[in-house]
Amino acid sequence: MLIDLARTSAAVAADAARLAKIRHLAELLSRVDPDEAEIAIAYLSGELPQRQIGVGWRGLQDLPEPRQIASATLTQVNDLLSRIKAQAGPGSQATRKDLLAELFRSVTRQEQSFLLRLLGGELRQGALNGVMIEAVAKAAGVPAAEVRRALTLRGWLPAVGSAALTGGVDALRAFRLEVGRPVSPMLAQSAPSLAAALAKLGGTAALEWKLDGVRVQAHRSGPDVRIFTRTLDDITAQVPELAEVVLALPADDLVLDGEVIALRADGRPEPFQVTASRVASKTDVARLRESVPLSVFFFDALRVAGADLLDLPDADRHAALAGAVPETLLTPRLVTADLDEGTAFYADALRRGHEGVVAKSAATPYAAGRRGAGWIKVKPRHTLDLVVLAAEWGHGRRQGKLSNLHLGARDPATGRFVMLGKTFKGLTDELLSWQTERFLELADGPADHWVVPLRPELVVEIAFDGVQRSPRYPGGMALRFARVLRYRPDKTPQDADTVDTVRALLL
DNA sequence: TTCCGACAGTGGGGTCGCAAT
DNA sequence: ATTGCGACCCCACTATCGGAA
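Under the UniProt record's numbering, the residues of the first sequence are numbered 1 to 507, in order.
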């Protein structure tokens, strides 16, 4: 029953302790019908079996009142969500809305609240994939490591968890790397400097250029090639030149990990927006590949010539990769324990317009998620002193706090401030409280509105990765990945950085 | 007892495809 | 032709719990 999940979710949310959350979830999983286990695991980890159904925050407005008595089963709810997803073409939005209303009319208030959070993509119960892995392990009586391993290979916890509940460890071990089915990609942590990254890895590391493109996983079985993104979406049709590259390799049973990127004629990278736009385009691909050709650089191999490599150390996997693809397709790499040598490699990557480097432990096997810190990215950081122009009220745990800052640079020509973007990152709870009070003193207009305009008096030091062209902001440029470092009470708005300084970073 | 790894939460800019206007 | 929405590309950071040291 849906009500059982809604109650479990509420209990999970009410307990701060992770072990208690795991207990609540495991108890639910222990009594769920095996036929509905996949749905239960998906919903309680904030996912939908359909992945996405075309309903977002807007579609969740103006829903009907709940009924009094709970009767909906998981299968009923899930079938309705499938019907919503299946809508397409003229009139589909109205039909979607009708079906969604039908769903919400058929459930109680507590179920509505759960569905709203689930469909809105913000479960806010303090448990998602990571906690659910533990809960599945507990309910199925298997080691969590077995669940994690199967998840890496299958990439979809509801399927893995359902198998674990039914078939235990044996069922989990049956998950193998399958060519044509994407694997959860290994992710990197970050470090503030190359020295810090090398220290974390303990001496010798493999350094690789960090290219500012789109992560791809290439699968080839004989003549069949499939290309997947980080979220395991199939983008083969959008990147035909990549499929051709893989098809031209001598080995015909392959899974490779790499980055696809648009390069200019001189070999320097295009801005990320160019690569992303090209990769996302589904129409006119044949013409686009002439005007914006994509290049691919591989940095890992999960399977070469039919041999699975995931459990091998990085050094061995890379050796296999280097044997399988020509050097022109390899991400430039340097294995070193020497900081000076590494620094020169990093500086060279930046000079050529790339994002930074990734430092890798030579010993680490391939594992999904961030566990193990086998990969550490290092990127340079810019900073600017900007003026807070406005602030937005926060959600969730930031409710009641002014959270999101509108940032502006000084325009010497007009004496006014030009907005360059927003940020909510880098703020401690203490700082959030302080700035909320301070902002209400500076409020220049109604403070009960979503956005609270401020007199431009506060200077804040902002870190960011770069400046990009913006179709949204008046200066035609925006900061990428802006975050707060600290307030600068010692500075006045007249000391703030200017739009000219920012524009110089765009070029 | 202290430290630190892993998670969840809170949102950022940009772009595409699609349906509605 | 334009606008709004959902989805997904890139992502940084803090708070918290609980196992490791």
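It is possible that some hints are incorrect.
Stated by the list, open to error - Simulated restraints on C-beta separations: (1) Gly-353 <-> Gln-52: 33 to 43 angstroms; (2) Arg-397 <-> Asp-448: 38 to 48 angstroms; (3) Arg-83 <-> Pro-313: 46 to 56 angstroms; (4) Ala-10 <-> Ala-88: 29 to 39 angstroms; (5) Arg-488 <-> Gly-167: 31 to 41 angstroms; (6) Pro-489 <-> His-382: 15 to 25 angstroms; (7) Glu-327 <-> Pro-90: 46 to 56 angstroms; (8) Ala-144 <-> Pro-34: 58 to 68 angstroms; (9) Pro-489 <-> Arg-105: 19 to 29 angstroms; (10) Pro-90 <-> Thr-166: 26 to 36 angstroms.
Read the hints as simulated data drawn from the structure, not as lab findings.
We put the CB at the ideal spot given by N, CA and C, even for glycine.
For each hint, the structure was consulted:
At about 34 angstroms, the beta-carbon gap between Gly-353 and Gln-52 stays in the expected band of 33 to 43 angstroms. One distance hint, 38 to 48 angstroms for the beta-carbon pair Arg-397 and Asp-448, is violated here, with the actual separation near 21 angstroms. Remark: the range hint 46 to 56 angstroms for Arg-83 to Pro-313 is upheld by a beta-carbon distance near 48 angstroms. Distance hint check for Ala-10 and Ala-88: the Cβ-Cβ separation is about 35 angstroms, which falls inside the suggested range of 29 to 39 angstroms.
The given range of 31 to 41 angstroms is broken by Arg-488 and Gly-167, whose C-beta atoms sit roughly 59 angstroms from each other. Between Pro-489 and His-382, the C-beta spacing of about 22 angstroms keeps the proposed range 15 to 25 angstroms intact. For the pair Glu-327 and Pro-90, the beta carbons lie near 52 angstroms from each other, so the given range of 46 to 56 angstroms is met. The hint said 58 to 68 angstroms for the Cβ distance between Ala-144 and Pro-34, and at roughly 21 angstroms that hint is violated.
Distance hint for Pro-489 and Arg-105: a CB-CB separation of about 54 angstroms, inconsistent with the stated range 19 to 29 angstroms. Range check, Pro-90 to Thr-166: about 42 angstroms between beta-carbon atoms, so the 26 to 36 angstroms window is missed.
Hint check: violations occur at hints 2, 5, 8, 9 and 10; the rest are consistent with the structure.
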